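**Student:** Sequence:
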Amino acid sequence: MTLRGQGGPAIAGTPLKQLVKKAIRLEKVLDVLERKGRNRHVVTALARQPAMDASVLTDEAGLRQVVVAAEAYLKVAAPDLVPVSFSFEQDREHACLSLIASTRTNGAAHRNLIDRELCLSPEFEELRRLARELAAAGEPPYTIGEGEAAELVPNLQQAVARVMAQARKGLEIQRYKGLGEMNASQLWETTMSPESRTLLQVKIEDGYEADEIFSTLMGDEVEPRRKFIEANALNVRFLDI
0 MTLRGQGGPA IAGTPLKQLV KKAIRLEKVL DVLERKGRNR HVVTALARQP
50 AMDASVLTDE AGLRQVVVAA EAYLKVAAPD LVPVSFSFEQ DREHACLSLI
100 ASTRTNGAAH RNLIDRELCL SPEFEELRRL ARELAAAGEP PYTIGEGEAA
150 ELVPNLQQAV ARVMAQARKG LEIQRYKGLG EMNASQLWET TMSPESRTLL
200 QVKIEDGYEA DEIFSTLMGD EVEPRRKFIE ANALNVRFLD I
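Residue numbers (numbering that gives the first Met the number 0): 0 to 240.
Be aware that a few hints might be false.
Stated by the list, open to error - Only pairs whose alpha carbons sit at most 27 Å apart, straight line, appear in this in silico DSS-like list of lysine-lysine: (1) LYS27 / LYS168; (2) LYS74 / LYS27; (3) LYS21 / LYS74; (4) LYS21 / LYS226.
In case anyone wonders, no lab produced these hints; they're calculated from the structure.
This structure is a prediction, so every number in the text was calculated from the model and none was measured.
Kindly generate the complete structure, drawing on both the sequences and the hints.
**Tutor:** Structural data, given as structure tokens:
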């Protein structure tokens, strides 16, 4: 299985595996941003541009160049979304510009605000980092496979989905509610082998905050725990069920 973008090398084996892991992480970051009202294709198009950080919001000429590059990307990677209308608004509080990307999905208009707060957010910073690392795959569209079996897809998200679908063929995926349901050989293959297991050390630097969290999540009061889960459930990054 190989993946190749326009102007990029054919990626296979371990490099492809690493690329898929980064692309899966990128999708999770996009899920968070989408829940905050940003279209995943729009923020991806912007994050791919090296100049797209908070500083460019003070440079109208530079921001226009970012928009031109983002529009070109969207025409190839998200043709069903275009046209996307970009406009600027003044952010007087921070003496800079905010970028507005107007999209339409299923006939409904949507306003994507790309402002200083978003550009400084941990999610957008991580999105930019992942986009830079994934640039090694080349530009869209992407070709999956070789020869007559090759398939052309418009964006990296769909390319990774095809790779994952091919990788799952012939596999049997099993899920367990707990380690006690697994056989010794299965435990060794997954969580107990010293060669592959991960040991994490937890340090409590803020005793008051730690006590508050434990009281909220493990205390006798149900209501604070319910409110905490409702407020943070969609932001979870690592979930062990």
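**Student:** Now tell me, hint by hint, if it's right for this structure.
**Tutor:** Here is what the structure says about each hint:
no., hint, result
1, LYS27 / LYS168, "holds, 24 Å"
2, LYS74 / LYS27, "holds, 23 Å"
3, LYS21 / LYS74, "holds, 24 Å"
4, LYS21 / LYS226, "violated, 32 Å"
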